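With the sequences and hints as input, model every part of the structure.
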Amino acid sequence: MADLVKLTIDGREVQAAPGTLVIDAAKTVGIEIPAFCYYEGLSLAAACRMCLVEVEKMPKMMTACTLPVAEGMVVRTETPQVKAARKGTLEFLLTNHPLDCPVCDKGGECELQDMVFRYGAGESRYNETKIHVPEKQYSPVVFFDAPRCILCFRCIRTCNEGMGVGALGVINRGAVSEIAPSSGDHLECDECGACIDICPVGALTSGTYRYQTRPWEMTHVATICTHCADGCKTTLGTRNDRIIRGNNRDRSGINGEFLCIKGRYAFDFYDAGERLQAPLARVNGKLEEVSWSEALLLVAKRFNQVLADGGSFGVIGSNHTSNEENYYLQKFAREVLRTSHIDHHRTGDVVALVDALSGQTGKLATVADLYERKAVVVLGADLSLEHPLLSNQIRANWRHHQAHVYAVSAGTVREDKYAVASVRVGNAAETSDPSRFAHPQGKASAAEYLAALEQLRDKLKAEPELVMLFDDSFKGGDVRKLVEFGESLGIPVKYIGLVDYSNSRGAIDMGLTPELLPGYKASGQPGLHLEEMLAAELSALWVVGANPFQSGAARKAGFLVVQDMFLTETAALADVVLPAASAYEKNGTVTNVTGEVQKLKHAINTMGAKPDLEIMGFIAREMGVAGSLGPWIPDAVFDEIRKNVRGYEVPAPVIATGGAAQTAPVNGRVPVELRPDLVHSDHNGLFASGTLGRYSKVLHTVLESRLSR
Amino acid sequence: MTFSPELEERFAKFLTSYPPGRQRSAMIPMLLYAQDELGSISDEVIDEVARRVGVTPLQVNEVLSYYSMLHKKPLGKYHVQVCTNISCLLMDGDKLWDHACKKLGIGHKEVTADGEISLEEVECMGACSWAPAIQVNYDFHHKVTPEKLDQLLDSLRKKP
Ligand code: SF4
Ligand code: SF4
Ligand code: SF4
Ligand code: FES
Ligand code: FES
Chain A
40 MADLVKLTID
50 GREVQAAPGT
60 LVIDAAKTVG
70 IEIPAFCYYE
80 GLSLAAACRM
90 CLVEVEKMPK
100 MMTACTLPVA
110 EGMVVRTETP
120 QVKAARKGTL
130 EFLLTNHPLD
140 CPVCDKGGEC
150 ELQDMVFRYG
160 AGESRYNETK
170 IHVPEKQYSP
180 VVFFDAPRCI
190 LCFRCIRTCN
200 EGMGVGALGV
210 INRGAVSEIA
220 PSSGDHLECD
230 ECGACIDICP
240 VGALTSGTYR
250 YQTRPWEMTH
260 VATICTHCAD
270 GCKTTLGTRN
280 DRIIRGNNRD
290 RSGINGEFLC
300 IKGRYAFDFY
310 DAGERLQAPL
320 ARVNGKLEEV
330 SWSEALLLVA
340 KRFNQVLADG
350 GSFGVIGSNH
360 TSNEENYYLQ
370 KFAREVLRTS
380 HIDHHRTGDV
390 VALVDALSGQ
400 TGKLATVADL
410 YERKAVVVLG
420 ADLSLEHPLL
430 SNQIRANWRH
440 HQAHVYAVSA
450 GTVREDKYAV
460 ASVRVGNAAE
470 TSDPSRFAHP
480 QGKASAAEYL
490 AALEQLRDKL
500 KAEPELVMLF
510 DDSFKGGDVR
520 KLVEFGESLG
530 IPVKYIGLVD
540 YSNSRGAIDM
550 GLTPELLPGY
560 KASGQPGLHL
570 EEMLAAELSA
580 LWVVGANPFQ
590 SGAARKAGFL
600 VVQDMFLTET
610 AALADVVLPA
620 ASAYEKNGTV
630 TNVTGEVQKL
640 KHAINTMGAK
650 PDLEIMGFIA
660 REMGVAGSLG
670 PWIPDAVFDE
680 IRKNVRGYEV
690 PAPVIATGGA
700 AQTAPVNGRV
710 PVELRPDLVH
720 SDHNGLFASG
730 TLGRYSKVLH
740 TVLESRLSR
Chain B
132 MTFSPELEER
142 FAKFLTSYPP
152 GRQRSAMIPM
162 LLYAQDELGS
172 ISDEVIDEVA
182 RRVGVTPLQV
192 NEVLSYYSML
202 HKKPLGKYHV
212 QVCTNISCLL
222 MDGDKLWDHA
232 CKKLGIGHKE
242 VTADGEISLE
252 EVECMGACSW
262 APAIQVNYDF
272 HHKVTPEKLD
282 QLLDSLRKKP
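Those sequence lines, one after another, are chains A and B. If you're matching positions, the first sequence starts at 40 in this note's numbering and goes up one per residue. If you're matching positions, the second sequence starts at 132 in this note's numbering and goes up one per residue.
In case anyone wonders, no lab produced these hints; they're calculated from the structure. Keep in mind it's a predicted model, so treat the numbers as computed, not measured. Every residue, glycine too, gets a C-beta built ideally from N, C-alpha and C. Fair warning: there could be bad hints in the mix.
[What the hints assert, rightly or not] Below, a list of computed lysine-lysine pairs in the DSS-like style, where the Cα atoms sit at most 30 Å apart: (1) A:169 / B:204; (2) B:279 / B:290; (3) B:204 / A:175; (4) A:122 / A:66; (5) A:482 / A:520; (6) B:203 / A:169.
[To be verified] Between beta-carbon pairs, the in silico distance windows are: (7) B:132 / A:83: 44 to 52 Å; (8) A:171 / B:241: 42 to 50 Å; (9) B:260 / A:175: 55 to 63 Å; (10) B:241 / A:162: 35 to 43 Å; (11) A:51 / B:200: 44 to 52 Å; (12) B:160 / A:162: 42 to 50 Å; (13) A:134 / B:273: 31 to 39 Å.
This is the structure in structure tokens:
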């Protein structure tokens with residue numbers, strides 16, 4: 040490490056690396072220099088003058104947010120002059136401020152309030168008429184209240200630099216300056232809400248949260264977003280069993296502060312009018328509401344009957360349910376229902392990747408790797424739309440560490456903007472002016488991708504290390520070829536096989552396929568796959584949290600039980616529908632796209648719905664088989680998983696305290712026939728989320744959803 | 132969109148006048164010259180300039196709305212700018228401004244019905260030594276009195 044610089048701040052000796060800003064150096068010894076515009080990770084603005092400090096031998100006060108430390112520097116942060124400057128800055132900030140804290144969303148957690156409380160003047164000397172501008176709606180998500188804005192430009196920078204979108208700007212000058220949206224009077228953007236969360240005051244407010252509550256009336260529950268596979272932590276603000284907002288301001292979780300629209304706002308599906316709140320049973324051909332005890336008894340009786348008659352069971356699991364639920368479900372299927380007909384919608388060929396990496400350790404990249412590794416290759420996926428967090432990590436890596444990004448795809452992608460090389464393959468659909476939300480994706484084969492990689496070979500070889508991400512263009516043997524290519528480069532390479540949903544990865548790990556038991560052990564039992572189950576004349580089909588009949592397939596099974604939140608196409612065909620709790624209404628764990636296990640935390644209750652694990656447990660109890668399956672308590676099942684499932688020996692305290700721990704799946708060949716034909720990604724864009732997305736109002740009301748795929 | 136050949140030539144030169152990757156520096160001169168040729172800066176011009184210098188239309192709007200000499204609305208053929216900043220104010224610049232408004236029947240950033248003359252109250256133009264000063268398009272007029280202003284406005288109207 041370069042020699043540390045020694046300086047004095049408020050009489051205390053401080054050591055900091057060269058280039059450290061005085062504001063950060065002060066923080067290391069517990070001295071807080073107030074700031075509005077300074078924000079870690081974003082470019083410097085020096086716009087607010089709140090951070091002025093005295094520095095010996097410098098004639099004027101200096102902005103601590105832009106001043107790098109220097110040897111022997113003597114800084115004072117609490118002198119009368121500094122105090123007067125802070126007071127003056129705040130007085131100016133308040134000249135046109137409406138002082139409407141009692142009705143402002145930010146009241147109670149507003150940085151301006153806090154600063155005025157600590158450093159501000161007791162009274163205002165400004166008696167002139169204030170400039171007032173009515174609030175404006177820039178989108179269903181973003182509202183702007185100009186008089187509250189203190190022009191710190193955090194919103195502009197986070198949108199431009201952080202999100203890579205650049206949808207906000209500042210127009211006019213002086214006291215009438217305003218934050219303006221990209222498209223005249225409205226926004227066309229990712230609708231992520233990052234600008235709202237980063238606003239130190241209540242100038243930007245969100246359509247979901249505004250005027251709903253006072254912040255101190257909420258309970259905050261940190262859980263994992265239930266939409267895509269990236270596994271962002273979203274801290275839900277709840278009140279009276281309602282979710283009022285989602286954010287991650289405390290930067291806990293693998294995503295730091297990042298969330299896309301789905302993690303920040305698309306929790307609203309829980310409250311959709313279509314939500315099922317009572318079990319349904321088919322009476323005279325029609326689904327009618329019945330009590331839980333009736334419904335459970337009906338299912339248990341029928342299951343026992345089928346068992347007694349030696350009939351056949353099929354079980355279809357979900358990409359969204361927890362590891363505990365998936366584990367319990369496959370155990371139920373295999374041990375009680377004695378069937379190997381168990382499957383789920385596979386969205387990426389993780390099995391092939393694990394198999395191809397056999398004999399090696401540390402080859403699966405984490406979300407953090409995307410921010411830290413020197414080079415990244417993105418193959419296929421339109422990452423910024425399909426995997427917002429992964430794309431954000433790579434973008435931040437490029438901004439902060441100048442990472443080399445290679446974008447190999449069949450169409451224009453946002454990564455092109457900063458990629459050291461963009462390669463178009465297949466019948467690439469290129470456009471000079473792509474709508475940012477619906478990049479025209481062409482099609483390309485794995486062979487074409489591999490050929491493009493060959494062209495890049497020399498460049499990639501010269502990189503010190505690499506992470507390769509690939510989507511479902513690579514399956515089966517092609518994954519092996521990709522890994523062979525990676526390993527032939529002679530540099531450390533890590534991989535990420537992209538999957539679609541919040542627990543797609545966990546579903547495979549937990550053995551929701553006929554050929555594999557939990558932990559990638561061969562089942563040795565042939566079983567029907569998803570499509571085959573739909574087509575087969577099974578005595579009973581049990582669908583937990585999936586919608587396989589969306590395809591319009593005709594129902595063949597003699598008895599169909601569906602656990603879901605909504606009356607999906609599948610549920611509508613069922614004999615019994617059991618209303619399930621959403622991910623935000625239960626405890627458990629999920630495993631994200633990079634194999635990192637994290638904890639789901641129960642945030643609210645929805646009347647009538649039960650967690651899938653509990654439903655399964657109750658069915659087992661009614662059937663009289665509960666004893667053999669063990670308790671249906673998430674923690675107990677997780678303990679069993681940690682003991683029995685290879686790769687899941689993750690440290691329990693890390694998970695229990697809300698941390699993430701990467702699983703290390705088998706280190707050996709996966710002894711089954713690969714089934715690339717069963718792998719298919721939905722390629723959900725920013726405003727889609729499979730069946731779940733259909734029930735989120737916010738995803739439909741934003742303008743961009745009409746432009747997106 | 133395309134501009135006149137002269138303007139196109141100028142723009143082409145601007146784009147090579149700055150170090151590589153700094154083409155956005157050409158934005159202000161391009162806007163000024165486009166405004167001179169077209170009378171104002173339309174949304175179409177904004178989009179075009181944005182495209183040529185490699186920024187978003189919003190970024191052009193940021194600059195445009197910051198500088199008072201750039202206009203989105205058409206101005207008069209003669210744009211009369213009256214300074215009422217401190218030096219001119221001391222020399223009755225404010226009275227000159229009131230006089231101009233009354234005579235033309237228009238206010239700040241407004242245009243006469245015939246489209247000939249527009250008015251703007253501006254801050255210091257760097258002509259304090261000859262206050263009160265006004266500027267008509269790119270020409271300065273010094274030590275202006277209400278009488279001189281009348282003559283000037285009449286002569287503008289008579290110009291072909
Ligand atoms: S919502 Fe997100 S994308 Fe839209 S303006 Fe705000 S930060 Fe930018
Ligand atoms: S809207 Fe908020 S974040 Fe943006 S400049 Fe104003 S105060 Fe800062
Ligand atoms: S990136 Fe994925 S996990 Fe993160 S907030 Fe968006 S949908 Fe949720
Ligand atoms: S924090 Fe230093 S000027 Fe704003
Ligand atoms: S004050 Fe009018 S020109 Fe300077």
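Against the structure, the hints come out as follows:
1. A:169 / B:204: The given pair, whose Cα atoms are some 27 Å apart, holds under the 30 Å limit.
2. B:279 / B:290: Distance ~17 Å between residue 279 of chain B and residue 290 of chain B Cα, so the pair holds.
3. B:204 / A:175: Holds, at about 23 Å.
4. A:122 / A:66: Since the Cα atoms of residue 122 of chain A and residue 66 of chain A sit roughly 18 Å apart, the hinted pair holds (cutoff 30 Å).
5. A:482 / A:520: holds, 19 Å
6. B:203 / A:169: holds, 27 Å
7. B:132 / A:83: 44 to 52 Å: Since residue 132 of chain B and residue 83 of chain A have Cβ atoms about 37 Å apart, the given range 44 to 52 Å is violated.
8. A:171 / B:241: 42 to 50 Å: violated, 24 Å
9. B:260 / A:175: 55 to 63 Å: violated, 44 Å
10. B:241 / A:162: 35 to 43 Å: Given a distance of about 40 Å, which is inside 35 to 43 Å, the answer is holds.
11. A:51 / B:200: 44 to 52 Å: holds, 51 Å
12. B:160 / A:162: 42 to 50 Å: holds, 48 Å
13. A:134 / B:273: 31 to 39 Å: holds, 36 Å
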